[in-house]
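Chains B and C: place on chain A using the hints.
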Amino acid sequence: MRVETGGNRLNRDRAVRFTLNGVSRAGLAGDTLSAALLADGQVLQGRSFKYHRPRGPVTAGSEEPNALFTLGQGGAQMPNMRGTTQEIFDGLQAATQNHVGSLRHDAMAVNDLFSRFLSAGFYYKTFMWPRAFWERVYEPIIRAAAGLGALSGEDSVERYDRAWAHCDLLIIGSGPAGLMAALTAGRRGERVLLVEEDMRLGGRLDAESFAIGDDTGAVWAAGIAAELASLPNVRVMTRTTVTGAYDGGTYGAYERVGEHLGTIPDGAPRGCFWRIVAGRAILAGGAHERMIGFPNNDRPGIMQASAVRAYLHRYGVAPARRIAVFGNNDNAWRTVTDLQAAGVEVTALIDTRDGVTPTVDCPVYTGAQVVETRGRLGLRNLDVRDANGVHRVEAECLAVSGGWNPSVHLTCHMNGRPIWRDDIAAFVSVAGSVPNLQAIGAANGDFSTAAALRAGVEAGGGGEVPKAEDGPVNITPFWHVTGVKGRQWLDFQNDVTVKDVTLAHRENFRSVEHMKRYTTLGMATDQGKLSNVGGLAVLAELAGREIPDVGTTTFRPPYTPVPVAALAGRTARGQFQPHRLTPSDGLSRERNASFVEAGQWHRAAWFPEGEETTWKQSADREVGWVRNAVGVCDVTTLGKIDVQGPDAVRLLDLIYAGKMSTLKPGKVRYGLMLREDGLVMDDGTCARLGDDRYVITTTTAAAGEVMAHVEFCTQALHPEWQVSAVSVTDQWAQFAVAGPQSSALLQGLLGHELTDAEWPFMGCGPVQIGGVAGRLFRISFSGEMAYEIAVPARYGDALARELTARAQALGGGLYGMEALNILRVEKGFITHAEIDGRISADDLGMGRMVSPSKDCIGKVMSQRDGLHGPQRKQLVGLRAVGEGRLLSGAHLFDVGVEPAPDADWGHVSSACVSPSLGAIALGFVVNGRARHGEQIRALDLLRGNDVICEICDPVFMDPEGGRMRG
Amino acid sequence: MRINCPLCGARDLREFSYLGDARLADRPAADASAQDWQDYVYLRDNPAGPHAELWQHAQGCRAWLRVRRNTVTHEILSVERTR
Amino acid sequence: MGYSGFKVFLEGLRGNTGWKPVWRDPAPKAHYDVIIIGGGGHGLTTAYYLAKNHGITNVAVLERGYLGGGNVGRNTTIVRANYLLPGNSEFYSHSLKLWEGMEQELNYNTMMSQRGILNLAHSDGQMDAFARRGNQMRLQGDDAVLLDAQGVRDHASFLNFDSQRFPIRGGLLHGRGGTARHDAVAWGYARGADQFGVDLIQNCEVTGFKIEAGVVKGVETTRGSISAGKVGMAVAGRTSQVAAMAGLRLPVESHALQAFVSEGLKPVVPGVVTFGMGHFYVSQSDKGGLVFGGDLDFYNSYAARGNMPAMEHVMEAGMAMMPMLGNAKLLRGWGGIMDMSMDGSPIIDRTPVQNLYLNGGWCYGGFKATPASGWCYAHLLATDQPHPVASRFTLNRFETGQLLDEEGTGPRPNRH
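Read top to bottom, the protein sequences are chains A, B and C.
Read in order, the letters of the first sequence correspond to residues 1 to 966 in the UniProt record's numbering.
Read in order, the letters of the second sequence correspond to residues 1 to 83 in the UniProt record's numbering.
Read in order, the letters of the third sequence correspond to residues 1 to 416 in the UniProt record's numbering.
So here's chain A without its partners, still in its complex pose:
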């Protein structure tokens, strides 16, 4: 219900309309969803995970385990949003979660009746028979019952960003400690970034009734916020949660840019994930209040005392008309006075401690405990036990204070463990757990406002400290009631009770990690913020040990859950990885090319013409052009590395298996590169352009790896060499011009003759193409008379068009990857389908290419016994006998032998149906070079293909090479 006083976040003049489960509801501007519902008298806001118990909000913050909602619809539907932090706005659509039927009448609540059979880990002991029933019966039931909210199944549509921020000092949290640290450091000129999870600065200052100096906490905080806003060196981010501490002073943070808005402004994202780089950081994130275990302590209306005060002061909301307070420390008492000041009836203060005299004006029970509660969908009353017996207390809300847990999470993200402090009965961080991160204020166990202010001033560099309350907490630890029946909840969302922890202990799951994993305590969406310490205390009690001896589980990022879309940012959609376009991309599109991914490149696969309906028709025609006239193909994607310097030749001798030092200027040589383990890394060409200048090519796929490898050789292995290597893949557009008419085409283009004497096979040199300096290489990947011609990339499109027009005039045209693949298989040229990282030079029949007269990368290791010889699979050609086609991926068996792993001789690596040669393939067969002429069976069990083929030399077309030599 709404009260007259308080509500410092509200604009009481502005009503906000939203819907819950499709029903129109109202709140006030400034409300959170949970606050608006509480104001409306609705405490029941969710259902628990396992037993589907009715649940209301326990907190007023991000640690909330119960009040979870699904917001929005379709591609904007966000499950598991915390009602306790979600600000309402006009048009907000919210739905409650995890119930079958209505929230009030959840059919799944039947689970609760069987809870005695559903104790911790019960599922490990049953559902084993019959075996097939797990997937078919048991698991589907369990899965349907589990989970909380649901994804809509539609693609996520809202926009998120990622960004970087840099600062000298990152301050996490803006309560009294964080504000004073920011102000002090800001005034000293440090570049400060102050990050606050809540919608405004101040932390709990607007949730309490304390004064700072002469102002209320909220007014004082607003004053500091104003001064911070005036300092140009201070940046303030609200609605931003620091989610993780990472190496090197790097932090992750999620900013809820538009989550509180009905309409997100143009250009703004819904949320932004920040990577913050900080010289140093201060954690002033406050503390979380603990609950206490007592029977049926999970009923809606039972919540943190601090949450009750937050609802009262921030939102002018009392969760009920009659409220009782239950605590183990002085801190709880002010809940009574704050509520009474707002005209709310406080029916009891129950303090677990004996001999204390609370300064409050309401019925007081000391040395007392709550031993039972009642109320089906919300608390109605409770029983209090003290030395005089058991007393009934009427209350629809119970404010509980079990002490405070400093929020040490971030300090433990680098494997640090917190230490226990007896005086405050809580864990605090160890200084230095995260380098250059210091916890202060309540996050460091200094719970009074004055202590927090002092710590902030000190951490910010020193100065005057404002006056404020400095009350001690005076806590006597009290974790749960003993000697009573009934379940006492520790983890509200996952339904883990004291009995579950007891059972885990009984079964010897006594390590804290075992207990967590067996009971699921602390594994809910709040990651144990509300439950972990209570669970540890129970375990310690059972084991007869101290809490610090039991230890803690590991804190992991993120501190609060973050939408995956925010962590992915804009790169997720369509831009997940770079998409590189070739110089002929525009031309290819105009020619209706189909495209194929080749590494990062988008390459034309075939160019349909006329009546062609299948890729094969187009590819066969393109092959025919190359074999009979001339074809043009964009080969820009091959890696190109420009190597220069007096020691260039030494580098090339090192990286290539073959000897490059004998290569003459104006000549090109095929080269095989090995890895240092002796297996083939890549292949390509090496062209000597001048005395100390070479350009080498790599395959498309290996361009990046080879470049890094070359740089490793020049910088790390031989820094003394005078050589420089630069990638020029993007600088040069390059086209293959292949076929019997290729010379004619180029002669027309260049305006001069290309004689065999001047441009022999494997020759190269500079050319002028209409005034543009280019390069010509007489090399062939098709087995035909062919060239590759290169121009600076900006002329690539023009050259592609020119070459294509000239090819058409000669009865040819563009060809794509499919034709290229057929051409190279016909010729027995290998690609990464063959050199798959497990292949040696000897396997390829290139063992002799490893020069005996010099060292090279991989030479020594290539001589190991396991890397050559007849026991290995060797490259062969395969030619189908009779009908049928070969499929890459098929395995090879002797004809007439039952296929089995130990009868498996090899596999097909690249297959095609050649327009002139029929079904052929490259493949690998054990001792294959000695088996030419034998028949073997290519069997593809997956695609049902079974073909007899003949093993042959891998070069099907023109083995003497007469065609390409011209």
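Just so you know, these hints were derived from the structure itself, not from any lab.
Derived pair list, reagent style DMTMM-like, types lysine to aspartate or glutamate, alpha-carbon separation capped at 25 Å:
1) A:Lys854 <-> B:Asp26
2) A:Lys859 <-> B:Asp31
3) A:Lys859 <-> B:Asp39
4) C:Lys97 <-> A:Glu139
5) A:Lys664 <-> A:Asp647
6) A:Lys485 <-> A:Asp386
7) C:Lys7 <-> A:Glu139
8) A:Lys616 <-> C:Asp162
9) C:Lys52 <-> C:Asp25
10) A:Lys125 <-> C:Glu100
11) A:Lys859 <-> B:Asp26
12) A:Lys125 <-> C:Glu105
13) A:Lys854 <-> C:Glu399
14) A:Lys667 <-> A:Asp958
15) A:Lys659 <-> A:Asp836
16) A:Lys485 <-> A:Asp112
17) A:Lys616 <-> C:Asp124
18) A:Lys859 <-> C:Glu406
19) A:Lys659 <-> A:Asp865
20) C:Lys266 <-> A:Glu154
21) A:Lys873 <-> C:Glu406
22) A:Lys859 <-> A:Glu834
23) A:Lys859 <-> C:Glu399
24) A:Lys467 <-> A:Asp214
25) A:Lys859 <-> C:Glu407
26) A:Lys667 <-> A:Asp692
27) A:Lys659 <-> A:Glu705
28) C:Lys7 <-> C:Asp286
29) A:Lys873 <-> C:Asp124
30) C:Lys266 <-> A:Asp112
For chains B and C alone, coordinates are given in the frame of chain A:
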């Protein structure tokens, strides 16, 4: 993690690529023993603690770097170019 | 104490007060026939099968922390037998069969759920590679189906089929693959080993070996000196550290691998889906969390936590493949330390120190290997001979060149 590139200054981890143990820069001679080659190519100390290793500022200046880094804390102890 | 639905019912009626400890907490004895170092998945299964298959029960498992606290307790729970290379293929095939009988064998529900594993392909080349692998699986007697794009759509319609960069052309479906409850696997085998009389000793860190004339005689621990006939290491990410105490230098690097879980959600993902080109895979736990992961953090690490760039990359890849994932919220990320071997395949072998044995180099494939690893390691420890399905996991294959490199990336542990 941030690595202080001698050429570019402190940059985020994502600009760098990793090779491994810095001994990979000490390639044995072609006539070294089989054991030396085995050690070089396959065997690693793999220490838990300070580790000399090779990185490349691949998304930056392309410099290869010799970095000493603690493999337990990820603290960067020193950075220098290999050349 | 036997487990059954009836027993759960009975105990429920009496307040669950009759359940007994699932394992004892014995003090270490002075001598064991076999000591296993490491109480993770592989160590526990080794002890179990030493007792069950070979009748060797005077065995201790020494665990530095808590049982099942290694990578068996921090993985993404995927079980599969979809390997390409002979040597791996038969081993994982054997392992999958053990998974399929595990619950009945252990009388413990490890929630082995064979809802299938789908690998996505985006190009003809990848389809061919999947065909080659799928054929190997079928030859091995395991299941594999090559799906076209429509087949993938029928299986998981929520995927992004029309991505410009990675359009889905098909996939390889391994129906018997799936997931299991990882902790339960450790606990089930621990319980089984304990019932055979194996001593499971927690909080007992090995600090050194007793080696005399090249023969191991026992170990020094934080709980005293213990002698043993044979000692087997099964310490995953710590393999190099423990082996170094015996003077061994291994073809292993330790790397951190992250995994992630979302908040609980109603069922949305069937089985496991992998997006190899993006180094991404996802499944959904029975609790409802989407469990997903990606590639290594790339540099040597003993810090069991992940870095931010790798985390972001996983999220990018996840959304690229499964755009609805964006609206799920990341609940928790964690990191484990992987013993990455130089060819990406494991080692189960003798060492140059007599009676000292090595089980390591599991990279990030250790979980699915858990039962077979123990089965084969126990065989080696008991008989001094490699088990036939693990005969290629030798330590000297790097010297001979008989490598088992599934990825074909060579001696770059962070690329396997």
